[in-house]
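Participant: Go ahead and model the full structure; you've got the sequences and the hints to work with.
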Amino acid sequence: MAGEPVSLNALGPQELVQVRQQLEQELQTMTQNAVALQGTAGKFAAAGQAVEYLQEQKQGQPVLLPLTESLYVGGALESVDSVLLEVGTGYFVERDIEGGVDYCRRKVLFVKDKLEQLSQLVKQRQAMLAQVDALLDQRMGEQQAAGQQAAAGPAAAGQKK
Amino acid sequence: MSAAQSLQQQLQASLDEFRQIQLDVQQNHRLRQQSMQQQHENEMVLQELKLLADDAAVYKMIGPALVRQEPGEAAANVGKRLEFIGGELRRLDGQLAQLEEKQAKKQAQLVKLQQEAQKAQQAAAQAGAAALGAS
Chain A
1 MAGEPVSLNA LGPQELVQVR QQLEQELQTM TQNAVALQGT AGKFAAAGQA
51 VEYLQEQKQG QPVLLPLTES LYVGGALESV DSVLLEVGTG YFVERDIEGG
101 VDYCRRKVLF VKDKLEQLSQ LVKQRQAMLA QVDALLDQRM GEQQAAGQQA
151 AAGPAAAGQK K
Chain B
1 MSAAQSLQQQ LQASLDEFRQ IQLDVQQNHR LRQQSMQQQH ENEMVLQELK
51 LLADDAAVYK MIGPALVRQE PGEAAANVGK RLEFIGGELR RLDGQLAQLE
101 EKQAKKQAQL VKLQQEAQKA QQAAAQAGAA ALGAS
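As given, the protein sequences belong to chains A and B, one line each in that order.
So in my numbering the end of the first sequence lands on 161, straight run, no missing numbers.
So in my numbering the end of the second sequence lands on 135, straight run, no missing numbers.
If a hint is listed, it holds; no wrong ones were tucked in.
27 angstroms max Cα-Cα, derived DSS-like pairs, lysine-lysine:
{"no.": "1", "chain 1": "B", "residue 1": "K119", "chain 2": "B", "residue 2": "K106"}
{"no.": "2", "chain 1": "A", "residue 1": "K43", "chain 2": "B", "residue 2": "K50"}
{"no.": "3", "chain 1": "B", "residue 1": "K50", "chain 2": "A", "residue 2": "K114"}
{"no.": "4", "chain 1": "B", "residue 1": "K60", "chain 2": "A", "residue 2": "K43"}
{"no.": "5", "chain 1": "A", "residue 1": "K112", "chain 2": "B", "residue 2": "K50"}
Hint data in this document are derived by calculation from the structure and do not stem from the laboratory.
A quick note: this is a predicted structure, and the numbers were derived from the prediction, not measured.
Facilitator: Written out as structure tokens, the structure reads:
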């Protein structure tokens, strides 16, 4: 996982291409993960809002519960002062409204923090990728120049237009 | 001829073993990642459980049903699971170290066998050339 301290200058074009591929792959996975984290943060934020909204409601308030995406049944709010939080590994915890809102807020912060870490990594990888690209360009240029020089000897007259 | 053949066989066998070790290493990585994920999740749950009052309502999902549990008991269960996962991670670490050692040994052996095979091939080629020249 650690960035290679091996000098990129020591690598040949083929190895550079390999490094480039690897970097690109890593970047892709990271971007996917970032999107997933973004989505998770959004879900927690929405859940927090829902809990806050519940707080403003009165007990016995009629509601429509979604059974499926398009089928709703009527109901009434039984309790507006406690929520059940899923805290992971099959455990659920009953908390009051503030506890629920706080839980969601903490989770959003946690996910945002991870997202920040990830974006740092992404930036780092992007910088490395740019470096490899630049070096690869340089190598290609050198190779081309060398090839032209080699060809320029016997066919110098034919080469020039 | 048969010496070269047996050498070739040895080489092939070593190569197969080497590949098997590589597969084992990959499997080890997968298992470790899984265990680490579980560890993280359990740690978060434990943190959450620690925030609760002693008389808070905690439910454990068993199949489709939620069963009420004492917060203390739940925390103890999660703690035990964390211990178990920690042990599993240590075991996997040990296994990985062993596998890497085995891998390095195998690799050295492979390099040696390959060199021998090359030498044998060269010798055979020379002998063949000499025989051709003689006839």
